[in-house]
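**Q** Spelled out from the first residue to the last, the chains are:
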Amino acid sequence: MKKIINNPDKVVQEMLEGFLDAYGSVYKKTPNENGIYIENEKKQVAIVTGGGSGHEPLFFGFVGEGLAMGAAVGNVFSAPTPNTIIEVTKAVDAGKGVLYIYGNYSGDILNFDMATELAEYEDIQIKTVLVNDDIASASKEEAHNRRGIAGDVFVLKVAGAAAAEGLPLEKVADIAQKAADATRSIGVALSPGSIPSTGRYTFEIAEDEIEFGMGIHGESGIRTEKFMEADELTQIMMQYIFDDFEINEGEEVCVLVNGLGSTTLMELFIVNRKVTEILLNKGIKVHHADVNNYCTTQEMAGFSITLMKVDRELKTYYDKPAYSPYYFKRG
Amino acid sequence: MTNQINNVSSILTVAQVNDMFIYVGEKVIEAKAWLTDIDCAIGDGDHGIGMEVGFKHALEKLKANNYDKINDVFAEIGKAMIGNMGGASGVLFGTLFLSGVKGLEKIEQLDVAILGTIFGNGLLGVQSRGKAEVGDKTMIDALSPAVDALREANKNQLGLVATFTNATKAAKQGVENSKALVAKFGRAKSLGERAIGHQDAGATTISIIFESMQNYVVELENKGELLNA
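Chains as they are written, first to last, in this note's numbering: chain B, 954 to 1284; chain R, 392 to 620.
Check each hint, because a few of them may be wrong.
To be verified - Going by beta-carbon spacing under 10 Å, a handful of chain R positions derived as facing chain B:
1) GLY434
2) LYS447
3) ASN475
4) MET476
5) GLY477
6) SER480
7) LYS560
8) ARG578
9) SER581
10) GLY588
Think of the hints as simulated: they come from the structure by calculation, not from any bench.
We put the beta carbon where it would ideally sit given N, CA and C, even for glycine.
Whole structure, please, built from the sequences with the hints as guidance.
**A** As structure tokens, then:
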């Protein structure tokens, strides 16, 4: 496996150093921990996100104007430590409280919950919204067990806008939860990603096969299928979402077609073309579509489709401007 | 004096406990590739890396300090894990060591009784944080039977060598049992039945920790350095 790294034990540190070399005029790093943040100049509710490294630009790429204000950066595919989370929390809290938004994984929950306990000692008010958009990871009845994948992007976008409007913590958390509840995703994997520090692939998949619903660390999905062309694949994935989540004619959705790392934009646009066609044929309006690589798994090939069903309130916050070097939205 | 009575009062000094965990840490670090294999099968493959990170930081502290109580050895390992590993295992393994000695008075000698207390407290701490029970395919599947073995050994007045031998056997049996289980926690839980046949990585690490402690005290005994109280 060819990988452009130096010391395998220092990939996270050197990644953040390089990020700050590029964007250090805007971003700061907590001195002793891998926390990335921006100054809370408006003294608003601050959103802190985080998770394992290896999913760039998630999570620190979503720190910016109208987005999260800080990110706790973990080791590769590992939740950040409580120390990292509390340091970034202290750096961004302006007395209005902090909302934690992250994917529903045991490790992240344990570490963010420990950080929440530490925040109590600092008199910082914390609320938490978990993103659990991956319909492949558990049944509808067990939806609380579902993993968070690219849906993080929509939840952070909407919550970030609500926080930037100056809303109180309780209200920002409610809106974030509403966005999370309205979001569903499903992904497919064509080839595995790798762990830089071991130089190994995280799983195996046959050359002529495709895995439906595989998680962003290589957790198994719903079923393995023979490789198929884009339209058929997209059709099947969309059907999974429709089976899970009622979207009626006349309703509106935001769409995200997210690449996992080594699938090209060319392929993602071909998928988006079919997603749009399927939605329009059902009389569902696309409020906004985004095609990008936001939630990746090193060089994993594959993509996910995310739909967020939007009403007037969610659209209001979704449409506000936002900016980071890896995500931007015109108002 | 029979061997049994000789065993009853065997103890480890603070320096020996410190040494023992340096040895344990090195053994866990050596097992990195194996733990990675196990975790790749049903998790995301980072368990070995995480344990290496945690123990590397712990070993730095253990090698640099002269502790005057055993509580500090455990607490230092726990803090190093929580502070540096990340992931679920950082919090859970860190909690095992940290809550093991939380609230205990100064311990200057490790005997079988206090061993049961420490790991018993550790088990409770891990369970109250992680919410897992025996049968959920987690570290608890090895830790809980090992703790039972420690308590049983104390009741039967066994020495440290026999105690660690029994606890290791129990932990390894727990690892074996974990193969038949469906996971309720962690990334393996989305696998359902497909997790069956694979052992849990966290439970495996617990068995490595106990086996390393066993090896350490056996070696002490062989060298005639295992002390009596």
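**Q** Which of the numbered hints above does this structure break?
**A** Those not satisfied are hints 7, 10.
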